[in-house]
Amino acid sequence: MDGECVKLLPQLCKVLAVSGKSLPDDTSLEKLLDWFSGLTNLGTGLVEACPCLPAFISTVIHNASPDPTILSFTFKLTGLLAATESSFKLLQENSLLLGSVFDPPHRWQEAGFWDDPCVRIGWVQGIRAMLQHPPALHFLVESDFTKVLLRLQTDTSLFVAAAANDVLAHILVTQSQLSGKCVDMEREEKSSIGKTVTMDADVQRLALTLGSSSDYATVVMAILEHVKASLVSKENKERHQTLQGLRLLIVVFGQARAPLLGILLKAVSEPLEALVAEGHSQLHLLLLDVLLTAYSCSSHDNPTTGQHNPTRDQVLNDPDSGQPADSLISHMLDTYKPPELIHAGAALLRRDHRDLSHKAKAAGLLLLPLEMITGLTLPGTQSAGSAEQRCSLAELMNSKTPCISLLCVCLTHATLLTCTPPDVLPCPIGSLVTVILSLLRICSGQAPISPIGSSKAYRNLIGCGKVQRCSLEALTALAVSPGAAERMSEVFSVLIEYLDNPDSEPTVLHKSYQTLLKWISVLPVPSSSIRDTLGQDLLSVVRKRVCDVRWEVRDSTVEFLGDLAALSPSNDSAQCASENPLVCSFTPHLVEALQDPESYVRASAIKALAQTFTLGWQQGAAPSQQQTALVKQLLDILSGDTEGFPRRAVIRYFSSWFSLWSQNAPGLPPPRSSSSSSSSSSSSSSSPLLLTSSVGSVLSLGSADLDWEVKVHTLELARLLLHRALSPLGASASLSGSDAASPRQPAPHPYAVTGQWAGPGGQGEAGDADPGGALAGLVEQGVLAVLLSGLFDCDRPVALKACGLLMDLRDAVCPTPAGAAPSAAVAAVTCKLQGCSWGKEVEALLERAGVVANGSKGEGSKGCDWTGDEEEEEEEGGGSVRVCDVLRSLDLDERLSVLSQSSDHVQNSPLSLLQDILSIGDRHADPNSQEVIVDCY
Amino acid sequence: MPEIKVTPLGAGQDVGRSCILVSIGGKNIMLDCGMHMGFNDDRRFPDFSYITQNGRLTEFLDCVIISHFHLDHCGALPYMSEMVGYDGPIYMTHPTKAICPILLEDFRKITVDKKGETNFFTSQMIKDCMKKVVPLNLHQTVQVDEELEIKAYYAGHVLGAAMVQIKVGSESVVYTGDYNMTPDRHLGAAWIDKCRPDLLISESTYATTIRDSKRCRERDFLKKVHETVERGGKVLIPVFALGRAQELCILLETFWERMNLKAPIYFSTGMTEKANHYYKLFITWTNQKIRKTFVQRNMFEFKHIKPFDRSYADNPGPMVVFATPGMLHAGQSLQIFKKWAGNEKNMVIMPGYCVQGTIGHKILNGQRKLELEGRSTLEVKLQVEYMSFSAHADAKGIMQLIRMAEPRNMLLVHGEAVKMEFLKGKIEQEFSNIVLTINLKHTFLTYYLEKGTLPDPKKPRTMHGTLIMKENSLRLVSPEQAMKELGLSEHHLRFTCRVQLQDPHSDADTLHRIYMHLKSVLKGYTTQHLPDSMSVMVESIVVKVSSSTEDPNTKVLLLSWSYQDEDLGSFLSTLLKKGLPSVLC
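Chains P and L supply the protein sequences, listed in that same order. Counting in my numbering, the first sequence runs from 1273 upward without gaps. Counting in my numbering, the second sequence runs from 193 upward without gaps.
One chain only, chain P, in its complex shape (with noise of 0.2 Å):
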């Protein structure tokens, strides 16, 4: 523990016990919780390092008007700091500060403090967090809290309720895996399997064996009857009681091992059988869950080996233990009534029950539904529900409401139909798809024939946009399945209809595409025909839906273009994605789209546009004027675009080009721009060129961006640029922009903004071989700029990156260690400071190295300034600087480690923390100061 903290602690919990008020903030105490519980994992103990706490529970629970959050504060720390045994034993001997702690919840009851649920939530994880160790149990069992927490299990907060079931589970689970001796006791209970004993036996041999004391045989016997008792058939105001005893047994059956899981299941089985056969609807499903739960051997197989635990399959046939669970779930699948019976269905095929005649009954349920609706008949149905089930759900399906929901659970767990082994699944999977086209047809209003009595259930439907985008989900789903293909045509067709209907909602429209756009991907290559008529299908829709007065539709439209062009490639290697008619037919509505009010729509147009790059325009075929004149405003998006999003696409647009020109052109050198050296050796109407000509302007708009984002993808952009010039001086393993695992750059965060449009660059043969060169064309293209740019950026992660870049620049050109001269080419190479926001900055950088601007240009020099213009800087003469002096100056490595460090590396560390809640105490002493409001945000 920091040392400045341990000397904070005594005032701080002096501050905390006497205010006798909360703090404003009410994340402070959960953070010092945090705090405090991170040291007891390190091993810390809390009570002989800090005396300071125990003696600040002791004042609290002493105070007679404690403020509830510090009351509840006080019981979870003393929870955690008694998690230990050692610290446990120590608390105990500190004049029994446990015992006047937990004690008396019926002292708090008196005091009025109990009825507060954040007193009682705090005292349930107290003794949560406490029960690691059988002394803790030994004290919960000598103090008759069991009977505290049966009561809070159902309290009448809901987080209190759900926090005193899990410490309930936790108890049972846990405590009896606490001793080492469990393979004992399952051989034991092998042997003992067919011998009937009471559960009291059972309970106090289960303890004895687990070499506990009788702690917890007593407290398992408490929870049990307590357990049994909740379970007896109640009125429905007292049903909350069974809810919880299901809700435990989910828990602890999902966790209790072979021993612990045959006495449950002994103790309980009465009463769930008596509860399935009452049929109480509103428990239906959570008993089905506790069944599935108590039967699953999924999450009690050995892991490694794949095979089941016999004993645990032995304690599950054993019939001491009830009735066996796959009867009791046969009785339900016979009565349940329809609501809850496609719900069973749907239940045993999400939780993949081992049994597979229960599997397929459940599949043949959920297809019911879909049948009835449709008309159309499904083999595997037939022996799907009983005839009163039939004709239950046949009226239930007239109704609106839950015949859409029906339809809904049915249609999400579809897909899970194609997981079911094959004698299991009731119908071909082609079947499956035609009747959920159909569902769609129906939904759209389009549907010719509704069978004889199905009318009502068909106006309910119509233009249902839950049904329709489950139906679009499990036609999505079902694309990759065997003999789905079948049905392509009639897919595509039912799609096109959609996407064409006036009446789809913006969310039908956007799944409907995502649909296509899977269908399409499993199209295989020889349906020329299909693509044909698809093609010209879609293109009308699509001109409509371009122009959709709603954005979220122009949008998803322009999305699912530019996903078709990505697709093409994978699809046919010989035809890149503009060389693909299909697309090429979309281009000129993709760059319309640029010019759309929305901006989310004129990125995704650039996006779209990205993924439609020719080979051809890689490898140095001249572009068009269409192309020269997307490049250009392109740039006048970037330049001027209002809205962040356009102007990020913008330079991934570039990013993208460069990365996928650098690929195909591994043995070019790079491309230089015609203002700015006559020895290129690509033609100057060429693509190539083009791209090199945009990318300085790309890189002085980006890094001159106000979001942080274009920043970041242009350092991005730089990087590619750098990577290029450098790999040919072998630096380009260390480029810690390109490698998220480089041991320089931190671990990278899962959502940090990175090229995911970049691929790998060239391969390092194409350009200059000489550092001086790469170094010169890099300050020549702007590049550096950036970089200097972005590390000076208050935004921190764009200064981060370029740190990390700048780092790699200095790495490959001046490795040298500082004072050593670097090549005569590289010190030759000078930049300039003035006009840039940054120069001042690292003018002062300099002049504390020693090394002074101006003067400093060599002979021979390659100087240049990133405006590119040469004469002018001839005529000023001044203010250059040697590029790897103001590398070296910059002190990378230190700005690196404090870059890497979060904004609020600091300000959340516990010094702070304490320093805060400190501070806090302090206002509240002053009567003279302003009182800071808790406000929104």
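FYI, nobody ran anything at the bench for these hints, they're computed from the structure. These figures come from a predicted structure and were not determined experimentally. Just so you know, even glycine gets a beta-carbon here, dropped at the ideal spot from N, CA and C. Among the clues, some could well be false.
What the hints assert, rightly or not - Here chain P is said to cover these stretches of chain L; the calculated rule only asks that three of the stretch's residues, wherever they fall, bring their Cβ under 8 Å from a Cβ of chain P:
1. 226-232
2. 263-272
3. 319-331
4. 521-535
5. 549-559
6. 679-691
Use these hints to put chain L onto chain P, whose structure you have.
Coordinates of chain L only, in the frame set by chain P:
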């Protein structure tokens, strides 16, 4: 017995993570989906596992309603819809839909800036989430489904903020979100119908405060800024992108003009344009004065407020800078603060709340030596002022809303326990007929509403229902409930009408022509062609065709419709009587 169940998943007695689940008449509605900025882990989002164990929110929820764009009300929305998974409708007003993504993007940036952040949404997820949003207009009843309807009312507070009435059958709940009953510089006061909801869920941030006049606070603010500028100091005002910033800008702009001040005022570059764009776009949501004067002069086009460049921070002389973010935890505002903190002539004015851990929180609580990264220490010599310009209803405002809406039950959320207790006493004192509950943190609330017992007999009100006399008791229940209890089935009343039409085509063709005609006229209605039963259906209206026995060119159309569609049925009969157009496309 009908019941309304309220499960607060976030907004208990604290600010942040406003998320309330209301179950009413079998419908589940989520009201707001906020996050808590004070946490960096899972605790920042509501715990959805309490409402559905398997994470299938789409199956469980009928809709989500977002009251306004503040992050404590919408910050968890993309997490819920895209990461937990919810595909159903999300309702919010047009301005909220437009501004919400900006705030969410800002928040995402803060998170990216933090190390070790996990389980967070991306930019694409924000967009995908926004695509699921259905915009709401004020005072327009939106039918979520056959049984559930919602209606939005103006709430003041921030641009686009709305209170919402949720109605299922005869039961209704009003959720206020955050609201303000006093008009401010740019927004109007909240207003609601006398809708007499069964339950009013009201925020209570300022439950005990009778706030001093806003004019006083404004005067104080201007005085402090002016004094600092006069003595050559610089004023930093950290703000969030939209909302309070615009109000303060209007205030300073007017003052600068009146006093003819020359010191420059800057705003984080880019933000003014964006804010302007939204305020212009949604001018109808601002207050009357701004709306009236908009044609002559747009209040959001500031003459004195210029975009800020980071190099300006080093300029000598006085200036006022509005910079983001508002809690001084990163970015431009923090950078400027670091530069100016050492000069006692300067001032920082915090106009909003700061969470623990931020520099804003530290300086507000009087810390004068701040440890920064790299173990450097920053000495804070500049003046620190806290000025709450928050636009919540105070105790008086809450009472005013109760008088407006006349609820039967009331639930206080989004406030502190002690303050809620105090307000509860006040409300019970003034409105003896209201059953009032304080939302105790982590409490699961269920309201059993017994119709006919609670309303004040002195206040007449219309009630619809079926009176059941059973076992010596009288009960007024909904017609559906009555039929269920008495085992009766509903009798459907349908109107029929016969229309004669001259049409030489076959019956099937005539039917098809009718279908095409109705489809083209009745856009937005569900029109269906059912050739097997020789009929066309528009909603519940059935149109059947047969030829006259005497003249095959005379077609007899039989129209039938349910009483619910009476208006549409009458309209169709009139329309068809006029005949079919000769050209149908």
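Exercise. Okay, the stretch 549-559 of chain L and chain P, do three or more residues pass the C-beta test at under 8 Å?
Worked result: It holds, with 9 qualifying residues against the three required.
Problem set entry | Annotated coverage of the stretch 679-691 of chain L by chain P, confirmed only when three residues or more have a Cβ within 8 Å | With 0 residues close enough to chain P, the hint is violated.
Exercise. Within the assertion that chain P covers the stretch 263-272 of chain L, do at least three residues meet a Cβ-to-Cβ distance smaller than 8 Å?
Worked result: With 3 residues in contact (Cβ-Cβ under 8 Å with chain P), the coverage given for the stretch 263-272 of chain L holds.
Exercise. At a Cβ distance under 8 Å, does chain P reach at least three residues of the stretch 521-535 of chain L?
Worked result: It holds: at least three residues are needed, and the stretch 521-535 of chain L offers 6 whose Cβ sits within less than 8 Å of chain P.
Problem set entry | chain P covers the stretch 226-232 of chain L, three or more CB atoms within 8 Å, holds or violated | holds (count 5)
Exercise. Has the stretch 319-331 of chain L got at least three residues whose CB is nearer than 8 Å to a CB belonging to chain P?
Worked result: holds (count 4)
Of the numbered hints stated above, the single one contradicted by the structure is hint 6.
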